[in-house]
Amino acid sequence: MSETTVLDESRDPLAIAEEWTDGGRDVALATVIETWGSAPRPVGSHLVIDADGNFHGSVSGGCVEGAVVTEALDVIGDGKPRMLEFGVADETAWRVGLSCGGRIKVYVEKLG
Amino acid sequence: MKLDSLKALNAERRARRAAVLLTDLATGADRLVREDDVIAGELGDAVKKAFRTGISGTVQADGASWFLNASLPRPRLVVVGAVHISQALAPMAKVAGFDMEIIDPRTAFATAERFPGVPLYADWPEPVLAAKPLDAYTALAALTHDPKIDDFALKAALDAGCFYLGALGSRKTHAGRVERLRADGASPEQIGQIHAPIGLDIGASSPAEIAVAVLAEVVRALRTRGLGEAGKARAA
Chain Y
1 MSETTVLDES RDPLAIAEEW TDGGRDVALA TVIETWGSAP RPVGSHLVID
51 ADGNFHGSVS GGCVEGAVVT EALDVIGDGK PRMLEFGVAD ETAWRVGLSC
101 GGRIKVYVEK LG
Chain E
1 MKLDSLKALN AERRARRAAV LLTDLATGAD RLVREDDVIA GELGDAVKKA
51 FRTGISGTVQ ADGASWFLNA SLPRPRLVVV GAVHISQALA PMAKVAGFDM
101 EIIDPRTAFA TAERFPGVPL YADWPEPVLA AKPLDAYTAL AALTHDPKID
151 DFALKAALDA GCFYLGALGS RKTHAGRVER LRADGASPEQ IGQIHAPIGL
201 DIGASSPAEI AVAVLAEVVR ALRTRGLGEA GKARAA
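In order, the protein sequences belong to chains Y and E.
Everything in the first sequence is counted per full-length UniProt numbering, starting at 1 for the first residue and increasing by one.
Everything in the second sequence is counted per full-length UniProt numbering, starting at 1 for the first residue and increasing by one.
Read the hints as simulated data drawn from the structure, not as lab findings.
Do not take every clue at face value.
[Said to hold, decoys possible] Straight-line distance between alpha carbons at most 16 Å, and here's what the computed EDC-like set of lysine to aspartate or glutamate pairs gives:
(1) E:Lys-7 with Y:Asp-22
(2) Y:Lys-110 with Y:Asp-8
(3) Y:Lys-80 with E:Glu-101
[Stated by the list, open to error] Calculated from the model, a selection of chain E residues having no Cβ within reach of chain Y, i.e. all distances over 10 Å:
(4) Leu-43
(5) Gly-57
(6) Lys-155
(7) Lys-172
(8) Val-212
(9) Thr-224
(10) Arg-225
Think of the CB as a built atom: it goes at the ideal place given N, C-alpha and C, for glycine as much as any other residue.
Please model the entire structure based on the sequences and the hints provided.
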């Protein structure tokens with residue numbers, strides 16, 4: 001994970017996740033666990049999501065964030081982590097559009 | 001992720017210390033590992049590698065599937081001396097992913113015209129390093145040949161445990177430097193960590209070629225942290 005010399009608190013997903021939970025919000029964290037082929041964001045990248053669907057960060061540079069946010073709302077609801085996979089071989093992926101031709105696996109979990 | 005793990009991870013990142021978050025993908029249980037923590041077995045080997053390379057990934061170890069998320073501070077390169085080599089080094093270091101800054105109290109050298117876009121401190125190393133301390137993820141290259149400027153910064157880098165220290169100068173210049181650092185309380189073991197003559201031996205002759213040699217040596221030091229001499233030779 002690349003970061004500036006001093007943590008950029010206003011843009012860093014993990015700093016935002018901490019701020020949101022401290023503020024009493026229910027939060028889910030999505031993390032890129034594996035990538036195959038050309039994937040826009042490296043393994044370890046995060047997207048943080050709250051129960052209202054607000055999100056920060058990126059797991060795919062915008063291609064599959066919508067689908068991840070939808071799943072994250074379920075994860076916040078029932079507390080169970082989920083493993084999501086997106087790729088060109090997958091019909092869902094076509095629909096949500098990982099157009100770069102790569103495949104990614106995203107782990108979504110509730111914080112706390 | 002446990003909230004405690006998130007807070008601990010962010011605290012390490014704010015302090016510019018490395019950490020690896022281990023997640024058991026079957027159970028979702030997680031644990032934050034710091035660089036000094038000792039973990040046995042296959043998982044321990046994978047964690048060590050993650051600390052060295054900064055690369056995150058999934059590993060099968062000890063009968064379970066783990067995700068290792070490595071968080072390494074972005075490496076800094078502090079260069080003492082706004083000299084010709086530094087002019088070539090600045091753009092190369094940036095491309096290689098290092099935040100480079102330059103310290104030189106000689107205001108004729110440390111000018112924005114000579115170093116466009118590079119953080120530049122036209123002051124002595126003492127006040128600059130007091131305000132922005134060196135750390136384990138910082139490399140220091142002393143390039144002025146002037147003991148009045150270089151020596152303090154080198155001693156500060158030794159005390160801060162910088163992952164790389166290099167000093168420009170002939171073997172004779174370095175011998176004098178060693179004597180002064182010893183008198184200043186540096187141990188022979190510490191002094192042995194200083195790369196002098198500076199840079200990998202690639203037969204560099206121009207300032208730009210010396211900059212390549214220095215940067216290559218810095219990268220090697222970063223990516224072989226914690227390896228024994230045999231491992232360093234393999235990695236080289």
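Hint numbers the structure violates, sorted upward?
Those not satisfied are hints 2, 3, 5.
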